[in-house]
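With the first letter of the sequence shown counted as 1, position 50 gets the number 50 in my numbering; the numbers rise by one all the way through.
Bear in mind the hints are in silico, worked out from the structure with no lab data behind them. Be a bit skeptical, because a hint or two may be false.
When the alpha-carbon atoms are kept at most 30 Å apart in a straight line, the in silico DSSO-like pairs for lysine-lysine are as follows [as the list claims (entries may be wrong)]:
#, residue 1, residue 2
1, K119, K36
2, K36, K76
3, K119, K89
4, K80, K43
5, K89, K76
6, K43, K129
7, K52, K157
8, K129, K52
9, K76, K90
10, K36, K52
11, K119, K129
12, K52, K90
13, K90, K119
14, K129, K89
15, K80, K129
16, K52, K89
17, K80, K36
18, K119, K80
Estimated spans, in silico, between C-beta atoms of each pair [what the hints assert, rightly or not]:
#, residue 1, residue 2, range
19, T65, I153, 34 to 40 Å
20, F160, R63, 47 to 53 Å
21, I153, R17, 36 to 42 Å
22, S110, R159, 39 to 45 Å
23, V152, E22, 36 to 42 Å
24, K89, S133, 21 to 27 Å
Keep in mind it's a predicted model, so treat the numbers as computed, not measured. Just so it is clear, CB atoms sit at the ideal spot from N, CA and C, and this is done for glycine as well.
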Amino acid sequence: MWSSSPRLGKMDKTEPRIITNELYFEEVQRLLREGKEVCIRIKGNSMLPFIKNGDRVLLEAYRGTPLPSGANILAKHEGKFVFHRYVGKKNGNIVLAGDGNIALHEYVTSSDIIAIATKHYSGDSDLAKDIRSSWPRFRGMSWYRLRIVRRVINALKRRFLT
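Input sequences plus hints: build the corresponding full structure.
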C-alpha cells in the first residue's frame with residue numbers, strides 16, 4: 001500500500017514490509033474512511049487474465065451507491081478479504097467471482113463491500129488503466145459469461161492431454 005498518510009509516510013516500492021493481512025486491511029479501511037484513495041498490491045491469481053499477482057489497483061471507498069456490472073470490488077467474505085468482480089445479485093446478496101475462477105462465487109452484502117477499484121497498474125508500471133470504464137467491465141463480464149465454455153475446455157484438456 002502506498003499512501004500519503006502522515007502515520008505511514010510515502011512508502012518506497014523497493015522496501016517491502018511484512019505485516020498481517022488483518023492489520024494491513026485495517027489501515028486500508030482507515031485511509032478509505034478518511035476519504036483517501038489507497039493503492040494495494042494484488043496477491044494471487046484469482047483475477048487472471050486481467051489482473052495478475054503483483055499488479056496494483058487504486059481503491060476508493062464504497063459509499064453504498066449501485067454497483068456497475070463488472071466492477072472490481074474489495075470485500076470481506078467469511079472473514080477474509082477478497083478482490084473480485086461484481087457479477088450480479090442473487091436472493092438479495094451481491095455476487096462476486098474471480099476472473100480466473102471457473103466455478104466459485106462469493107455472496108456478500110453491501111456492508112461487506114469495502115472499496116471499488118478505479119485504476120489498475122500492471123506489474124511495476126506507473127501507467128494507470130481506468131478499470132471503471134465500460135470496456136474493462138464489459139470485457140470482464142464477457143469472460144465471466146464464458147465460464148461454462150472454459151470449464152468444458154479445461155475438462156477436455158485434462159482428458160486428452162494428460
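To see whether the hints hold, each was checked on the structure:
1. A distance of roughly 14 Å separates the Cα atoms of K119 and K36; the hinted pair therefore holds under the 30 Å criterion.
2. Between K36 and K76, the direct Cα distance comes to roughly 19 Å. Compliance with the 30 Å bound is thereby established for this hinted pair.
3. Of the pairs offered as hints, the one joining K119 and K89 holds, with about 24 Å between alpha carbons and a cut-off of 30 Å not exceeded.
4. Taken as a hint, the K80 and K43 pair is honoured in the structure, with Cα atoms around 13 Å apart against an allowance of 30 Å.
5. About 16 Å separates the Cα atoms of K89 and K76, which keeps this hinted pair within 30 Å; it holds.
6. Between K43 and K129 the alpha-carbon distance is near 19 Å, which keeps this suggested pair within the 30 Å criterion.
7. Taking the CA atoms of K52 and K157, the gap is about 23 Å. The hint holds against a cut of 30 Å.
8. With a C-alpha separation of about 14 Å, the suggested pair K129 and K52 falls inside the 30 Å cut-off, and the hint holds.
9. For a cut-off of 30 Å, the pair hint linking K76 to K90 stands: about 17 Å separates their Cα positions.
10. As the CA atoms of K36 and K52 are separated by approximately 24 Å, the hinted pair is consistent with the 30 Å bound.
11. Restraint check for K119 and K129: the C-alpha separation of about 5 Å stays at or below 30 Å, so the hint holds.
12. Distance check on the hinted pair: K52 and K90 sit about 28 Å apart at the alpha-carbon level, within 30 Å; holds.
13. Straight-line distance between C-alpha atoms of K90 and K119 comes to about 27 Å, which keeps the hinted pair within the 30 Å bound.
14. Taking the CA atoms of K129 and K89, the gap is near 27 Å; set against the 30 Å cutoff, the hint holds.
15. Pair hint K80 plus K129 holds up; C-alpha atoms about 27 Å apart against a cutoff of 30 Å.
16. Taking the CA atoms of K52 and K89, the gap is near 26 Å; set against the 30 Å cutoff, the hint holds.
17. For the hint pairing K80 with K36, the CA-to-CA distance comes to about 22 Å; that is within 30 Å, so the pair holds.
18. Between K119 and K80 the CA atoms are separated by roughly 22 Å; this keeps the pair inside 30 Å, and the hint holds.
19. Checked against the given bound of 34 to 40 Å, the beta carbons of T65 and I153, roughly 37 Å apart, stay inside it.
20. Against the hinted window of 47 to 53 Å, the Cβ-Cβ separation of F160 and R63 comes to about 49 Å, which satisfies the hint.
21. For the pair I153 and R17, the beta carbons lie near 41 Å from each other, so the given range of 36 to 42 Å is met.
22. One distance hint, 39 to 45 Å for the beta-carbon pair S110 and R159, holds here, with the actual separation near 42 Å.
23. Look at V152 against E22: about 39 Å separates their beta carbons, and that is inside 36 to 42 Å.
24. About 22 Å separates the C-beta atoms of K89 and S133, a value consistent with the hinted range of 21 to 27 Å.
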